[in-house]
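Engineer: Single-letter residue listing:
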Amino acid sequence: KAGVTQTPRYLIKTRGQQVTLSCSPISGHRSVSWYQQTPGQGLQFLFEYFSETQRNKGNFPGRFSGRQFSNSRSEMNVSTLELGDSALYLCASSPPTGTGELFFGEGSRLTVL
Amino acid sequence: DAKTTQPTSMDCAEGRAANLPCNHSTISGNEYVYWYRQIHSQGPQYIIHGLKNNETNEMASLIITEDRKSSTLILPHATLRDTAVYYCIVRAANYGGSQGNLIFGKGTKLSVKP
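First to last, the protein sequences are chains A and B.
In terms of the working numbering, the first sequence opens at residue 1 and continues consecutively.
In terms of the working numbering, the second sequence opens at residue 1 and continues consecutively.
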């Protein structure tokens with residue numbers, strides 16, 4: 001079974017630009033979560049989607065947004081990029097068993113110059 | 001804030017068992033203990049989870065004390081590829097309808113040495 005796929009793996013943007021990251025969950029998984037990882041703050045929860053609805057949101061500014069499509073694929077968008085947005089962005093999907101384990105992708109590493 | 005306490009770092013000799021402790025003294029009755037690890041620059045990897053009984057899978061064993069206030073992750077025969085940061089997390093499996101919101105602490109950096 002294919003794992004969680006994130007694209008692109010690496011990207012470089014400049015301040016003020018916007019970026020869209022994509023995540024394809026494991027087949028059959030309907031819950032998708034996004035995390036930001038930085039050296040200073042560690043892994044922080046951004047938001048979670050289930051059946052195209054945002055179910056939970058972390059403490060991030062409104063510049064960070066996401067959506068989920070009917071096929072469970074998800075995208076997150078960061079607008080008006082700041083230097084501090086440089087991070088590894090991780091997507092995870094959860095199985096329908098409801099037992100709470102997450103399966104993470106390899107991440108998209110964003111560098112903002 | 002994370003509800004667990006883990007040592008910052010540990011060393012283990014290759015081929016020996018690695019025993020990673022975790023304290024979670026405020027764990028609630030419906031909260032599970034989850035373990036993940038993150039090898040450098042990769043996404044976290046789910047290892048194992050349990051409620052109150054000891055659990056074992058192909059990767060590791062999880063030993064939870066009877067009072068559930070602490071647990072130990074055991075890698076029976078550590079290899080160099082097990083060098084990673086190991087995170088212990090406690091939360092309800094279905095937390096208010098949400099499964100995806102995990103609070104990661106700083107974890108334990110395990111270094112397996114030849």
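Bear in mind the hints are in silico, worked out from the structure with no lab data behind them.
Don't take every hint at face value.
As the list claims (entries may be wrong) - No more than 27 Å apart at the CA atoms, straight line, and that leaves these computed lysine-lysine pairs for BS3-like: (1) A:57 / B:113; (2) B:106 / B:3; (3) A:57 / A:13; (4) B:3 / A:57; (5) B:52 / B:113.
Remember, it's a predicted structure, so these values are computed and weren't measured experimentally.
Engineer: None of the hints should be skipped; say for each whether it holds.
Structural biologist: Verification of the supplied hints:
no., hint, verdict
1, A:57 / B:113, "40 Å, violated"
2, B:106 / B:3, "11 Å, holds"
3, A:57 / A:13, "25 Å, holds"
4, B:3 / A:57, "19 Å, holds"
5, B:52 / B:113, "32 Å, violated"
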